[in-house]
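The whole structure should be built from the sequences, with the hints applied where relevant.
2 protein chains.
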Amino acid sequence: PAAASASPPFHAASPSSSPTPAYDAWCGVAHGCTRKLGMKICGFLQKNNSLDEKNRIASSFRDRQTPKNQLSCENSDREARYRRTETDFSNLFARDLLPAKNGEEPTMQFLLEVMDILTNYVRKTFDRSTKVLDFHHPHQLLEGMEGFNLELSDQPESLEQILVDCRDTLKYGVRTGHPRFFNQLSSGLDIIGLAGEWLTSTANTNMFTYEIAPVFVLMEQLTLKKMREMIGWPNGEGDGLFSPGGAISNMYSVMVARYKYFPEVKTKGMSAAPRLVLFTSEHSHYSITKAGAALGFGKENVILLSTDESERPLICFMDAVLLMVLGGCVSWQGYHPLFVNATAGTTVYGAFDPINEIADICEKYNLWLHVDGAWGGGLLMSRQHRHKLNGVERANSVTWNPHKMMGVPLQCSAILVREKGILQGCNSMCAGYLFQPDKQYDVTYDTGDKAIQCGRHVDIFKFWLMWKAKGTTGFEEHIDRCLELSEYLYNKIKDREGYEMVFEGQPQHTNVCFWYIPPGLRDMPPGDERRERLHKVAPKIKAMMMESGTTMVGYQPQGNKVNFFRMVVSNHAVTRSDIDFLIDEIERLGNDL
Amino acid sequence: PAAASASPPFHAASPSSSPTPAYDAWCGVAHGCTRKLGMKICGFLQKNNSLDEKNRIASSFRDRQTPKNQLSCENSDREARYRRTETDFSNLFARDLLPAKNGEEPTMQFLLEVMDILTNYVRKTFDRSTKVLDFHHPHQLLEGMEGFNLELSDQPESLEQILVDCRDTLKYGVRTGHPRFFNQLSSGLDIIGLAGEWLTSTANTNMFTYEIAPVFVLMEQLTLKKMREMIGWPNGEGDGLFSPGGAISNMYSVMVARYKYFPEVKTKGMSAAPRLVLFTSEHSHYSITKAGAALGFGKENVILLSTDESERPLICFMDAVLLMVLGGCVSWQGYHPLFVNATAGTTVYGAFDPINEIADICEKYNLWLHVDGAWGGGLLMSRQHRHKLNGVERANSVTWNPHKMMGVPLQCSAILVREKGILQGCNSMCAGYLFQPDKQYDVTYDTGDKAIQCGRHVDIFKFWLMWKAKGTTGFEEHIDRCLELSEYLYNKIKDREGYEMVFEGQPQHTNVCFWYIPPGLRDMPPGDERRERLHKVAPKIKAMMMESGTTMVGYQPQGNKVNFFRMVVSNHAVTRSDIDFLIDEIERLGNDL
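Chains as they are written, first to last, in UniProt numbering: chain H, 1 to 593; chain L, 1 to 593.
I should point out that these hints are in silico values taken from the structure, not numbers from a laboratory. Careful, some of the hints might be misleading.
Said to hold, decoys possible - Pairwise CB distance ranges (calculated): (1) D360(L) - A543(H): 47 to 55 angstroms; (2) S306(H) - H137(L): 50 to 58 angstroms; (3) E237(H) - Q140(L): 20 to 28 angstroms; (4) E237(H) - S90(L): 31 to 39 angstroms; (5) P263(H) - E264(L): 23 to 31 angstroms; (6) E264(L) - S306(H): 41 to 49 angstroms; (7) N356(H) - D88(L): 44 to 52 angstroms; (8) M145(H) - R83(L): 52 to 60 angstroms; (9) S90(L) - R167(H): 31 to 39 angstroms.
Yeah, the Cβ is synthetic: ideal placement off N, Cα and C, and Gly gets one too.
Have a look at this one:
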């Protein structure tokens with residue numbers, strides 16, 4: 001203790017100078033091996049010793065004698081581990097946690113309790129004997145379920161209640177990682193990704209500068225380079241960012257295209273450019289049109305090109321049609337074609353536009369080629385399937401969402417751009433308070449001025465960690481396996497009684513689109529009545545699925561097609577038995593419709 | 001066992017039918033009390049029994065006899081708790097975790113190990129004897145630090161290495177929750193918020209539909225209503241969304257304003273409107289100008305109004321000036337004033353625009369009034385300080401980032417809109433595959449069609465949980481306390497030798513802006529040489545701070561003012577001693593400059 005007080009490991013508050021003693025009196029707890037630790041890592045704080053601190057140290061040592069303080073030396077993580085105890089949380093509140101005085105013990109116990117809730121949830125997510133969801137209508141949840149009250153109040157609730165709220169939040173939610181959740185393109189609960197996201201939350205920082213996110217900024221840079229290499233851009237050169245989802249990534253592509261051809265729009269607005277036209281297919285994601293509306297092009301200047309007439313999933317920009325459209329536009333009323341989006345993996349059919357054919361046209365007419373690979377980009381990781389994106393290396397920009405086909409937790413979407421510097425040129429505002437040129441490090445690593453966001457969430461770490469843990473080969477296996485499962489489903493139902501496929505031929509992605517025809521409709525002649533009845537089948541089956549909680553799968557109408565099921569697989573927990581289960585379940589629920 | 005096999009708790013894969021046995025053979029582990037559990041919660045799966053399943057159950061029971069299987073009945077969480085053991089992770093890989101066969105035990109051990117790393121980090125974050133950061137230059141981290149290699153490879157790394165990577169990622173990062181981290185408007189590490197974010201990651205879902213985020217969607221709705229009540233809109237009516245940060249929230253406000261006055265722009269583009277002008281102050285956040293550039297208005301149509309000439313922090317739209325500008329615009333070359341942004345808490349000075357005065361002008365000229373309260377919105381929670389936002393109830397839209405002044409983990413930013421339905425009108429694209437009108441629940445709860453994103457991260461839960469845990473009064477205490485601390489700093493340095501304040505008078509927010517004048521500069525006459533030398537002082541001190549790792553505070557130039565420090569407090573762990581420490585540290589490092 002004598003040596004320790006000569007070399008204290010912390011700089012402490014003076015309790016007497018504080019208006020709120022409960023906060024100020026807290027100053028870090030003295031640990032068992034103060035002497036060693038203090039000498040070793042705290043030298044830089046020595047000059048700040050004061051009488052206050054010495055008093056504080058003395059009182060800290062007194063605290064150590066009380067049974068409450070169970071800390072040992074931090075020098076070794078092993079020694080400092082907390083064990084969960086049966087803590088009574090009913091008299092504890094948020095204000096008792098760190099940074100409160102003596103807050104460390106309740107903080108650790110609270111976090112361990114939360115962790116217990118979460119690991120239980122994880123285990124049950126993979127357990128097929130649990131439901132996918134426990135469905136309730138909005139009014140039921142709003143009315144309050146047995147002690148689960150969503151209303152906020154002026155007064156704090158006990159930590160006991162907070163823990164109950166955590167349990168109930170999970171209880172009444174949807175297990176998107178359950179092997180029988182097929183409802184969304186994003187599904188699954190990757191354990192490494194989950195750990196990565198927990199760490200990200202704990203680091204709680206922001207991507208805008210190297211200064212406060214040095215490791216994450218570099219991880220983003222290296223990962224984006226790797227993705228550009230997989231796209232096939234020479235040496236992985238180019239630029240990119242992780243953005244809050246595919247819609248924003250697609251919006252970036254339109255912004256950058258506009259900046260490339262009409263940089264003056266940034267300063268002068270859309271009136272400085274001719275009437276700009278964007279092209280995409282009618283089956284592409286609605287975010288292209290949304291970007292057109294938001295960025296001032298107008299929805300009607302986003303031309304939705306028809307797919308080919310055979311109703312094949314392959315969305316074909318037929319050369320002749322496109323040339324006609326473009327040729328017409330160039331000379332027609334000042335319309336100026338700017339941008340073509342080719343979709344690699346459409347949302348509903350999972351179809352891949354023929355990128356090379358589209359690239360030929362874009363090169364000929366000097367148009368920006370964007371590839372929306374939000375859903376299909378993951379196939380670049382598979383030697384077996386990457387040919388579906390042939391020509392992607394000719395794109396000017398690519399959207400690729402690892403949070404979809406690659407099973408990375410939400411959110412994780414990249415916009416990748418072939419030309420270096422153009423993101424910066426398009427979006428920079430040079431805010432002096434964030435991007436000071438006179439920092440001590442190489443400020444080209446600051447990313448914030450490339451983004452339309454200011455603060456930007458750390459989406460990279462979970463993905464980087466998964467890549468480390470699985471390797472490129474692990475992602476490849478995952479993708480190949482999901483596609484095999486969808487092939488299994490396709491082969492199982494394509495000739496099965498009671499099923500009709502929505503498009504001909506084998507799916508290109510994991511999307512399998514089909515109608516289930518209940519026995520009562522099978523003998524009905526084609527016509528409006530059958531269509532109307534069939535239109536109601538999928539919603540009814542889906543509603544029953546959700547109420548029984550056994551499985552979830554999406555449905556929708558498309559064009560003149562009545563509601564059909566869209567089955568997708570992106571979760572590595574899915575097995576053939578789960579595919580079988582889905583079919584059994586559809587037949588069980590739909591038999592009497 | 002007899003009863004159990006008649007009523008199995010799971011539906012299993014047939015190992016023989018699988019192309020990848022390691023995955024398919026896994027089917028959930030049989031738990032100790034199959035009989036009880038199977039009867040109770042698995043009834044809905046009974047009809048799916050098959051011979052395969054029976055075989056599987058039998059083998060599951062055999063598995064239970066092996067020492068590896070340590071599971072007990074899940075019926076009680078207490079019984080099922082995992083204890084950390086000394087697991088050897090060097091021979092374990094991601095593929096050994098769930099959903100792998102026998103993956104539960106390694107999964108739990110891995111997650112507990114991660115949790116241990118994270119809780120250690122949390123403890124150290126609050127411990128003043130640890131550094132705020134361990135600074136390295138980009139090239140140093142890229143070259144690799146003792147086993148921490150950022151490069152990605154084709155082959156997987158062991159879980160041992162993954163755990164090392166997790167530790168190193170935290171080690172070389174920045175402790176934004178450390179009581180001496182003052183670098184950003186967002187700081188602190190709230191334990192409840194952290195728990196909330198961990199849960200959010202584990203739930204891994206998406207805000208676009210009630211269908212897959214029922215609880216989170218309702219929490220968002222109730223919380224936004226509460227925020228609108230605090231703004232003062234009648235009955236808390238209106239609309240809103242949580243968006244990925246203040247810049248995007250501000251972008252929403254401009255989009256919605258444009259839609260309100262020129263809805264045809266959505267369809268026809270900016271050419272359908274006159275030349276629209278946005279107004280904001282020169283001290284406002286750059287995201288207003290960025291939105292102007294992105295959305296097609298053009299930077300030069302975002303008019304930056306001067307602040308008042310006394311250099312007070314109060315950014316004053318002088319009535320006469322504004323009237324002149326607006327009056328001029330209305331009749332001048334077809335310019336059409338659309339939108340005024342009033343900042344509640346500027347980024348650098350923390351100044352509040354006089355909202356009522358600006359609202360008078362907006363009402364007179366029928367302009368959209370947006371209040372950017374990204375930083376200052378939190379003061380609405382404080383009875384003592386909310387008067388600084390007087391008039392906010394007259395705004396048409398408000399940005400309010402709980403991730404700044406309210407200490408909520410990143411990201412958490414709300415855009416609130418007074419007029420119901422306008423967000424939907426502005427942004428809806430009615431994508432059939434997501435927003436089916438024939439769902440079994442009230443689909444007005446689906447939020448996705450209001451957003452410019454498609455998928456949207458769950459930002460609400462941590463905030464909702466913190467509000468529950470602290471109550472409104474807890475947020476009020478937090479805010480009052482941070483403002484008191486900044487007052488303490490202001491009083492301490494305003495007349496102290498070697499300090500000059502950047503603006504006169506007491507700060508309105510926690511921003512305290514000042515120059516530190518090293519002894520060698522104190523006797524220099526005013527002039528260019530002094531300015532040049534002073535300009536270099538803050539960057540030098542900041543660089544030394546970062547290299548020693550003791551504290552971090554922001555600096556920047558502004559207008560014709562050379563680099564000065566901007567001190568802010570938003571972390572509830574900060575005490576007066578930390579403020580003292582910062583001043584001591586600046587003087588220690590800057591003394592010889």
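Now the hints, each set against the structure:
The beta-carbon spacing between D360(L) and A543(H), approximately 52 angstroms, falls within the hinted interval of 47 to 55 angstroms. Our hint of 50 to 58 angstroms for S306(H) and H137(L) holds, since their Cβ atoms are close to 54 angstroms apart. For the hinted restraint 20 to 28 angstroms between E237(H) and Q140(L), the CB-CB distance of approximately 23 angstroms keeps it satisfied. Restraint check, E237(H) to S90(L): a C-beta distance of roughly 37 angstroms satisfies the suggested window 31 to 39 angstroms.
Between P263(H) and E264(L) the beta carbons are some 27 angstroms apart, a value that agrees with the proposed interval 23 to 31 angstroms. For E264(L) and S306(H), the hinted distance range of 41 to 49 angstroms is not satisfied, since their beta carbons lie about 26 angstroms from each other. Checked against the hint of 44 to 52 angstroms, the C-beta distance between N356(H) and D88(L) comes to roughly 50 angstroms, which is consistent with it. Against the hinted window of 52 to 60 angstroms, the Cβ-Cβ separation of M145(H) and R83(L) comes to about 32 angstroms, which falls outside the hint.
The hinted window of 31 to 39 angstroms between S90(L) and R167(H) holds, with their beta carbons roughly 35 angstroms apart.
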